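Residue numbers (this note's numbering): 200 to 525.
Everything labelled a hint here was simulated from the structure, so no lab data went into it. One thing to keep in mind: the hints can contain errors.
Cross-link-like lysine-lysine pairs, in silico, DSS-like; alpha carbons within 25 angstroms at most [said to hold, decoys possible]: (1) K201 - K511; (2) K439 - K201; (3) K439 - K273; (4) K201 - K214; (5) K433 - K206; (6) K462 - K201; (7) K511 - K522; (8) K390 - K425; (9) K361 - K433; (10) K511 - K214.
Quick list of the computed label-pair ranges, beta carbon to beta carbon [as the list claims (entries may be wrong)]: (11) K462 - V209: 20 to 26 angstroms; (12) E448 - L373: 24 to 30 angstroms; (13) D224 - S386: 26 to 32 angstroms; (14) K361 - N311: 26 to 32 angstroms; (15) N311 - G284: 30 to 36 angstroms; (16) E229 - D272: 40 to 46 angstroms.
Here the structure is a predicted model, which means the values were calculated and not measured. Cβ coordinates follow ideal geometry from the N, Cα and C atoms, glycine included.
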Amino acid sequence: MKEFLEKLLVDGKVKNIAVKVGIGDIVIDECYLSSEESINEYTLFDMASVTKILATTSLIFIALDRGLISLDDKASSFFNCEDRGITIRHLLTHTTGVGHRNLCLPNYNYDNIAERILSMPFEIPVGTDVIYSCPAFIVLGKISEKLLGDRLDRLFNNLVAKPLEMNRTSFLPLRRDNIVNSNPEESGRGKVNDYNCSFLGGVAGNAGVFSCMADMTGFAHMLLNKGGNIYSDKVFNLAKKNYTANMSESRGLGFLYVDKRYKQTGDLFPEGAIGHCGHTGQSVFVDTDSGLYVIILSDATRYTSDYDTVMKMREEIHNEIRKAIK
């Protein structure tokens, strides 16, 4: 695996990359490479959309576990807006009918963003197909705040990061050392790359968490333990189902559900594995049956503007791991 990763640096596809492979408590391989400076298991990366499972999905699951919410609850019941049929289930499975939107608009702010999103026109009717939706997870983040009684970043810190001893993981990191820059300018080091999250102050349900390999390993183990000490295995097993098998892609609750159509895990993970990717170059996938997990952290999109190239890179890394395991 190391030789393949070194070639990515030589080819200029990344300047910083870390990959870890394990089965349960056994570490099969891990590698930390940088053409800029030394990186290690404590180096922070902008997790981008992996935030969706790190923070937002975890907090919604905690609320489900506490009986504070059901999957069929209407999103509109939490906000001052029209009921358009969008449920918690639709939000978690990217089936709201509302896809990517630029939310950096006049009169949009942290306090009213959910109402603004829930009033946006549909691209397709709700519940008819998967359209990947950062706005949906921003709404879920705001719902978790109402249910659990604090701001999203503090909820994540107190209810997820601290119990899992993810002591270096947070929104709005204070440190500027040992942190990979995912932005074009040096002044952007430690600032979230996602522009919607940045517009909302660096805290949102779709992006904003910074983490490192040591902490992400703990998170992967929590998933392998079906919720660990964060939420119940009952909720985890509910989340791990494929809710969109007859749609354009497969989705669990919050998680991407690996099936034969999914390419970015290569031939390594079987159908039913779950995980998520981040636009800055991150991913984490786990298979609860075998105990296999793979974590990829990089700055790929800083040097590769075509995201299709980043997706292909993930596929190739997973296939290289498969060769090594075999």
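query: Quick one, are K361 and K433 close enough, alpha carbons at most 25 angstroms?
result: holds (22 angstroms)
- prompt: When you check the alpha-carbon spacing of K511 and K522, does it fall within 25 angstroms?
  reply: holds (17 angstroms)
- request: Would you check the hint for K201 and K214, treating anything up to 25 angstroms between C-alpha atoms as holding?
  value: holds (14 angstroms)
query: Honestly, do E229 and D272 meet the 40 to 46 angstroms range at C-beta?
result: holds (41 angstroms)
task: Verify the proposed pairing of K390 with K425, using a straight-line Cα cut of 25 angstroms.
output: violated (31 angstroms)
query: Is the Cα-Cα distance between K439 and K201 25 angstroms or less?
result: Violated - the C-alpha atoms of K201 and K439 are around 32 angstroms apart, more than 25 angstroms.
- request: Hint says 20 to 26 angstroms; check whether the CB-CB distance for K462 and V209 agrees.
  value: Given about 24 angstroms between the Cβ atoms, the range holds.
- request: Could you see if the CB distance from K361 to N311 stays within 26 to 32 angstroms?
  value: Because 30 angstroms falls inside the window, the suggested range holds.
query: When you check the alpha-carbon spacing of K439 and K273, does it fall within 25 angstroms?
result: holds (22 angstroms)
message: Quick check on a hinted range of 26 to 32 angstroms for D224 and S386, using CB atoms only.
response: Violated: the Cβ-Cβ distance is about 41 angstroms, outside 26 to 32 angstroms.
message: Tell me if the straight-line CA distance from K201 to K511 falls inside 25 angstroms.
response: Roughly 18 angstroms between the alpha carbons, so the hint for K201 and K511 holds.
- request: With a cut-off of 25 angstroms on the C-alpha distance, tell me whether K433 and K206 pass.
  value: Given pair K433, K206 is violated - Cα atoms ~43 angstroms apart, limit 25 angstroms.
Of the hints listed earlier, those the structure fails to meet are numbers 2, 5, 8, 12, 13 and 15, in rising order.
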